[in-house]
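Chemist: This is what each chain is made of:
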Amino acid sequence: MDIIQSAKPLYAIAASLIAIVPIGISHRRPNLRETWTILASLVKFSIVASMFPVIFSGKVIEYPILTVLPGLDIKFRVDALGILFAGTASFLWIVTSFYSIGYMRTLKEHAQTRYFIFFAATMAAVVGAAFSANMFTLFLFYEMITLCTFPLVAHKQTPEAIRGARIYIIYLLGSSVAFQLFAIFLTYFTAGTLEFSRQGILSGKGSDVLLIIIFILFIAGIAKAAIIPFHNWLPAAMVAPTPVSALLHAVAVVKVGVFTVLRVIFFIFGTDLLHHLNLSTIMAYFVSFTIIVASVIALTKDNLKARLAYSTISQLSYIILGAILLTPSSMVGGIVHIANHAFSKITLFFCAGSIYCAAHKTEVSQLSGIGRKLPWTMTAFFIASLSMIGVPPVAGFVSKWYLALGSLEAREIPILVVLLASTLLNAAYFLPISYKAFFEEPEKGYAGNSHNDDTHGHSDSHGHGDAPHEEIREIPMIAIPLVITAIISTLIGIYPDYILSLARDVLK
Amino acid sequence: MNIVANLPVLVIIIPLISALLIPPIGRLNRTFSWYVAISATFLSFLISISLLDTVMANGRISYRLGAWEPPWGIEYVVDYLNSFVLVVVSFIAFIMTVYSKKSVEKEIERSKIPFFYSVYVLLVTGLLGMIITGDIFNLYVFIEISSLAGYTLVAMGKKRDALIASYNYLILGTIAATFILLGIGYLYMVTGSLNMGDLRERLPMLYHSKVVLTAFAFFTVGLSLKLALFPLHIWLPNVYTHAPSVVSAVMAATSTKVGAYVLLRILFSVFTVEFDLHSVPITKILLLLSVLAIIAGSVLAIAQTNIKRMLAYSSVGQIGYIVLGAALANQLAMTGSLLHILNHALMIGALFMVVGAIAYKTGIEEISGLKGMGKKMPLTMAAFTVGSLSMIGIPLTVGFVSKWYLALGALEAGMWYFIPVILVSSLLTAIYFWRIIESIYFGSAESETGHADYALVHNPHPVFGNRGDAPLGMLIPTLLLASLCIVFGIAAFIPVSVATQAAVMLLGAN
Numbered sequence: 001m002d003i004i005q006s007a008k009p010l011y012a013i014a015a016s017l018i019a020i021v022p023i024g025i026s027h028r029r030p031n032l033r034e035t036w037t038i039l040a041s042l043v044k045f046s047i048v049a050s051m052f053p054v055i056f057s058g059k060v061i062e063y064p065i066l067t068v069l070p071g072l073d074i075k076f077r078v079d080a081l082g083i084l085f086a087g088t089a090s091f092l093w094i095v096t097s098f099y100s101i102g103y104m105r106t107l108k109e110h111a112q113t114r115y116f117i118f119f120a121a122t123m124a125a126v127v128g129a130a131f132s133a134n135m136f137t138l139f140l141f142y143e144m145i146t147l148c149t150f151p152l153v154a155h156k157q158t159p160e161a162i163r164g165a166r167i168y169i170i171y172l173l174g175s176s177v178a179f180q181l182f183a184i185f186l187t188y189f190t191a192g193t194l195e196f197s198r199q200g201i202l203s204g205k206g207s208d209v210l211l212i213i214i215f216i217l218f219i220a221g222i223a224k225a226a227i228i229p230f231h232n233w234l235p236a237a238m239v240a241p242t243p244v245s246a247l248l249h250a251v252a253v254v255k256v257g258v259f260t261v262l263r264v265i266f267f268i269f270g271t272d273l274l275h276h277l278n279l280s281t282i283m284a285y286f287v288s289f290t291i292i293v294a295s296v297i298a299l300t301k302d303n304l305k306a307r308l309a310y311s312t313i314s315q316l317s318y319i320i321l322g323a324i325l326l327t328p329s330s331m332v333g334g335i336v337h338i339a340n341h342a343f344s345k346i347t348l349f350f351c352a353g354s355i356y357c358a359a360h361k362t363e364v365s366q367l368s369g370i371g372r373k374l375p376w377t378m379t380a381f382f383i384a385s386l387s388m389i390g391v392p393p394v395a396g397f398v399s400k401w402y403l404a405l406g407s408l409e410a411r412e413i414p415i416l417v418v419l420l421a422s423t424l425l426n427a428a429y430f431l432p433i434s435y436k437a438f439f440e441e442p443e444k445g446y447a448g449n450s451h452n453d454d455t456h457g458h459s460d461s462h463g464h465g466d467a468p469h470e471e472i473r474e475i476p477m478i479a480i481p482l483v484i485t486a487i488i489s490t491l492i493g494i495y496p497d498y499i500l501s502l503a504r505d506v507l508k
Numbered sequence: 001m002n003i004v005a006n007l008p009v010l011v012i013i014i015p016l017i018s019a020l021l022i023p024p025i026g027r028l029n030r031t032f033s034w035y036v037a038i039s040a041t042f043l044s045f046l047i048s049i050s051l052l053d054t055v056m057a058n059g060r061i062s063y064r065l066g067a068w069e070p071p072w073g074i075e076y077v078v079d080y081l082n083s084f085v086l087v088v089v090s091f092i093a094f095i096m097t098v099y100s101k102k103s104v105e106k107e108i109e110r111s112k113i114p115f116f117y118s119v120y121v122l123l124v125t126g127l128l129g130m131i132i133t134g135d136i137f138n139l140y141v142f143i144e145i146s147s148l149a150g151y152t153l154v155a156m157g158k159k160r161d162a163l164i165a166s167y168n169y170l171i172l173g174t175i176a177a178t179f180i181l182l183g184i185g186y187l188y189m190v191t192g193s194l195n196m197g198d199l200r201e202r203l204p205m206l207y208h209s210k211v212v213l214t215a216f217a218f219f220t221v222g223l224s225l226k227l228a229l230f231p232l233h234i235w236l237p238n239v240y241t242h243a244p245s246v247v248s249a250v251m252a253a254t255s256t257k258v259g260a261y262v263l264l265r266i267l268f269s270v271f272t273v274e275f276d277l278h279s280v281p282i283t284k285i286l287l288l289l290s291v292l293a294i295i296a297g298s299v300l301a302i303a304q305t306n307i308k309r310m311l312a313y314s315s316v317g318q319i320g321y322i323v324l325g326a327a328l329a330n331q332l333a334m335t336g337s338l339l340h341i342l343n344h345a346l347m348i349g350a351l352f353m354v355v356g357a358i359a360y361k362t363g364i365e366e367i368s369g370l371k372g373m374g375k376k377m378p379l380t381m382a383a384f385t386v387g388s389l390s391m392i393g394i395p396l397t398v399g400f401v402s403k404w405y406l407a408l409g410a411l412e413a414g415m416w417y418f419i420p421v422i423l424v425s426s427l428l429t430a431i432y433f434w435r436i437i438e439s440i441y442f443g444s445a446e447s448e449t450g451h452a453d454y455a456l457v458h459n460p461h462p463v464f465g466n467r468g469d470a471p472l473g474m475l476i477p478t479l480l481l482a483s484l485c486i487v488f489g490i491a492a493f494i495p496v497s498v499a500t501q502a503a504v505m506l507l508g509a510n
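Quick note, the sequences are listed as chains G and E, same order. For the first sequence, the numbering used here begins at 1 and goes up steadily by one. For the second sequence, the numbering used here begins at 1 and goes up steadily by one.
Isolated chain E (complex conformation) (with noise of 0.2 Å):
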């Protein structure tokens, strides 16, 4: 059997039957079901840049599984955008495997670990399989997936809380798979296809059709769910908050992204631009809830006093960017939109790693607490530094690379008034970022007891006079990312080409 020909699929296939080893394996030595993880994110990040290669080489793939000719069969494609997403996730991935193992061993019960290195993986799985499916049916049963995973690793949590946001995120996200399920059935209704390319072709004449409509409609607020676009939020701080640090750092990295790639798909490949613009007010609907989420998530977020709480709000701001570049749906916009999917990955990915690992060290989650950090953990907090100064949008790093974009998206679309918006959140973030920058190199150290009282009552085994930065396991793979945010904002042309491509392909004819 050929490999090379099958890649498609192995990237699915590995960390699926991973998931299902992991269990067995891990009762013989936990630390191996951390292995196995690592393997199978690692072999998916190698599939993707392959096929992220052939793509921009020869271009379009299409996998047949079980060689069914699509429509009948389930069709896997890989095309500029999905192999960049791919590529983006499935690196997310591996990096917080990587990073997990020490502060997996501290977070979740010892027993637990090979469950939850399963499951972990299941997850991945699930955002991998929504990646690269041409096939709509396909697509909700890995939405389940990794919902389903998602629902899990979040009520691992150590506080009981865990469990309420858990229970909230599993209504609204079931709500949104139904709304997802629902949408996918009108459309086979009306055209008996699933084939998100063979849909292409059969939707343009019944694009009046009040069924096409309907579903559109559920297509659109159950993904806006999933990615938690304002102001359909609401699950999405809870779980970030009270999640273990691991499952917080790879979901706001990854999920939303996900999300957001999905609902792309959905409006500009399987419905196409035009009918986005003219037939429905959907970029409308879409530009002011992502204005409303880009100022709503950078205001709440000033409001937070629990550093994970504060990420959770920045990403809803962040997801409103993308939103608001794809809602442009011009060229310049669009690649904003795409590498902001990167870009955001990376910052946010760095940043909440950097709160694990000031978990992992000290116990600290509130903002009050990280006073004089900088001196404790400096290589730790150069990342966090570097992570908030590419949230604000410094130049030179890759928050200024999506903020260019954007900015130069919205003048093409001739809506110049989105560029206030943009600055005004640039700097809402300086603020809450800067405040954190701050205090932890100039804060003074008079409240140091402060702290240690703090976490003790937050934390049974605290590490103290472990003075510090976080073990290397944990350290290298967060200053990786943030080096990247640095990487990817000055030699830019690298994601940018991709996304461009990937731009052009979603806004021209398929």
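So that you can see chain G by itself, here it is in the shape it has in the complex (with noise of 0.2 Å):
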């Protein structure tokens, strides 16, 4: 394979870094500040996109920056995974960019400068994450989206808002510290290394049970990826503003939590280890349970953003899953599952924000008739809802597709059932609320204090009594980008080519 010597991957990490600058700087100037953010944002694409071709042409690019200690070093490889990834991230942050400016604006929040500039540095650890070319410098990056994340979560600063973004940080730094830092060690350890190699580092190191011990101090470790029981930050994680809900659920965070799974399961341990180990199977199963699990958890919330992160848990382990069971079909469902859910997620987000900022309405039960008043975003959620159900031509149905496939050349049967049962709850918990929102009328003389929600969501500095006199309509600068979002989504499930050359390419 082709190397090359760039520092592309550095320039892309670095150009939102160094956005914090004059972010900060013109505090005072609103426009000015935001303009910033935006070119950040877009000299960020193009950098990550000026590398497509070159991965495309089966060459890697490599860019080391310094030896920290003996073993440990900070060094970018773009590969095949990591500019899927990061593409995807950094395209979704331009549009998370202006829908942001739209939301923040039109809700009138404190502290929008410091939430521009730590939106800008998680996008820097984001892309970092994407390129990191070893174990650590991932960690390092993993670390440093968790702490750049905190004030975003933190946000609105109210008790409840602490102890949301409380839960948060224990959930991720803590078993980031003591799992995954633990397994590092070990695979240190034993492996001599911390680069990834796609043969994995540790076949034929150690005993099978100090390597069975490095993945399940791994998986624990990784609680951004919020399989059951590491996923209870995530809907407390829900108090955050919208964009950024938006954002961790659909790049940032989540993703960066199964792209660390994928890099140890496809990197790290390398497929012939973990078939040697017979892993495969026990933890299908295991994130089977989330899928599931989490589903049905979904079905039983009102609030809208709950909803959807129930939802969000119980599609990351979708890309676990096609990843564990190690089938060529399997292993590109859950890759491309990455890109697929990123943008259908983001877009549900989008549109519960947008109805939170037109409407004031947070929960499930108070959006009767709202299609109506909001047709394009709840178009757009109409959309995005089939994508997570699966099916075509939404981007989701692709994943669905070959993770189905990859099932049965598993010959795991019971995994296939897990697939249709999930669609089905996945339809069940999210037809409803386009149905309620295009077909039941909307309820008359509604006070707004039937449905208080209390942990999830906005409730707080606006209720929701004071809806029936305003009108409600779309806001531009809020749907334009879910449209967006959602016209993507459909583009990848009728043309999904692209993407799953790329997603071969990782598996090459």
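A hint or two may mislead.
Reference excerpt, derived from the structure (chain E facing chain G, CB under 10 Å, subset only) [as the list claims (entries may be wrong)]:
hint, residue
1, Ala-57
2, Tyr-151
3, Tyr-188
4, Tyr-360
5, Leu-389
6, Ile-392
7, Ile-394
8, Leu-411
9, Trp-416
10, Leu-423
11, Ile-437
12, Glu-438
13, Gly-443
14, Gly-489
15, Ala-491
16, Ala-492
Derived by calculation from the structure, the hints in this document are not laboratory data. From a predicted model like this one, the values you see are computed outputs, not experimental measurements. The C-beta atom is built at its ideal place from N, Cα and C for all residues, glycine as well.
Make one complex out of these two single chains by using the hints.
Modeler: Written out as structure tokens, the structure is:
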């Protein structure tokens, strides 16, 4: 495989990191400040995009930064998996930036400068994680993401937000320090290196028991992947402003989690070793449990964001399931689901935010008839729900198709049943929302006090009581981004080849 | 006279003479005493750097006081280990002196300022002497110099509690010094020598002698008291809490570290690693105590409401790391232990300086008073954040480097079960530091008037309306130490190269 030395990955990371300075300086001039964010996101995406052709031609970009200690290098390598993730993340940052501006200004949120600063810092870390060439660099950015997103989650600074953010940090920092770091120590001690390699670095080293322990520690240590029972931080983090939730769920946090899991599965252990250790089936059932249980919990949630959160938990495990089944199709399915889920889920969250901004509604039960007032939003929501359920031609279908194929290749009929059951569950918790929005009559004389959400979402400063007299209509700055992501979701579903070939490159 | 050849003694002589000069000079003008202290510590720092440089280039330096041949005369020995510690301690002492001006003016009675600096420089002299000397009786002398200076400085704290703290410290410190002296006496009794290098050669044939074992026991207990190894740490929290801010900072960053250094010297240079591992169960005892220290220190730190006391318990835990690395007695762990001497000095130094700056500006010492402080003193709090993250052990900070080596050292020794101890303690550390970070940046401002009242009660001369960071004289040294927490976390190879050499030396043949 050809290796090209290039500083592009560094520039891609630096683009948003450097933007922090002008964003901070122009804190008194919001328009200028937001220009910097937009500019940085565009620059970042162009740099990432400029690497696509190189990766497609089968080459790899490397860029070593420095050696902290023997064996601990900070080094970047752009491969197919990394570019898939970085491309998705940096593109969605552009969209989210516009959306953020619309959202934050509509709600007149406080501390917007801090918000945009940490948003930019988080994106730098996300792309850093995507381009990490070894487990140390990845761990570094993993922790950086946790720390940089804390101010975003705690944004409202209400006792409730602080509590949510505290759960968030306890889960993420706690598990990564207690388990992931332990796993890294053991990996380094056993393998003598932390450098990712397609064959895995642990094969032939250490006893099976040790390797299984390392694997379990890794899985427990990557709480960002939100596998049950390490998922509680995700609903707790719903106190964040909606663009943050959207970003956390679609790209920044949870995807870094599954991305790290994939790195561990493919590049630390390697498929052969995992076959040898017989971890595949057990792990597959373990994540299947998450898929089903999270979907069932989602059914019970009336708060829209909470329902989406549990949906995310369930969908993330699709990705891990695909990877751990270790068959060609399943792995492709898992990898493409990173992008597919990202576009669809961000659309859903954007819609939740749009509903909140336009109508101050947070609960599913309040959404009767809202489709007539917010046609664009609810249409996009419908399209993205179809993707979640896995209906062709929307993106989610592609992933599900490959996952189903993979479960057959692995001769795991129960897994296929899990996938189908989860599809039904997805339909059961998403379709009623669209049905309500388009086919039910709005409740007359709604006073807004029947559904006080107190644990998730936006109840605090903006009561829903004043809604009836206010005209509910689309806010362009919010509606346009979500329409864009919905369209892209559909396009990926119709033309999946681009992403599929990237996914196959990962497995070469 | 050749100055370069006499550097090993000048590093002691310069601060010693300055300590004598400060009181008369201070009579002329009180600020002069600060200038003398700063020049003395700065010169010591420069000399230490030059010594480290020479050692790295040419190896061990031996200096004979008064040209008396060892083992009869006093020998000063500079090798990888102590040139490293020397640089750390003299650097911290210098930085703290720069920092001290404003803080001392506020916390110490004006007429006592020259006296304060005189004793302060004596403390530094004692610490540097403990590091550089190659003679165990001379070591005892310096231990007493630094201890007596320490008791005095602690007693200068504002509240009456400082006197009690100092008194307890005096009693326990004296017991420790007595134990060390007894140890020295026993060793002298059987070997007739006080020179460390000489003792190392003479002792092996006496390893089964009860006298040597007794001496060894006295040394270990006495030094463990000095370095505040759990459960002999009881003097420490009160001392750090009630001493003047600068004194807490200096003592936390240097005194216990020098104690740890001396323990390493006795364990691995005067005695040998074979003796520690095979003749006495000392490493097992120290491993157990260090684990207790790490866990108990962290747990007790969580329970504190006074920030200085919290940092004090945190230090108890961190000392556990240093001892853990030493007791694992392999190269990786020992490197981690030595690195932690530097790393912890930087972290705790920065943190105590922040606390001093807060006390200077607002008089607040309670954790509950720190709400919303991130807005009022942004740069100072940035330093605090960096120090805290480093304590937690986030990668690219010095704390991570120490933990990395200690963990690998534990694996190397086949004792993986120490890794959970390290990680659990990191989590506990995260709890007590994150609690503060959260409240300084995200604490709701509703209790703002609450602080004012609090500060009024506890601080007779409040500086309100004076929002903003600490004065530059305090801020710059604080930021410098905090940034070094990151610099040495990234460019870790610089201290690692020295520490590895020192570890090899300690564990191998001398």
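Chemist: Hint by hint, which ones does this structure get wrong, listed from lowest number up?
Modeler: 1, 2, 3, 4
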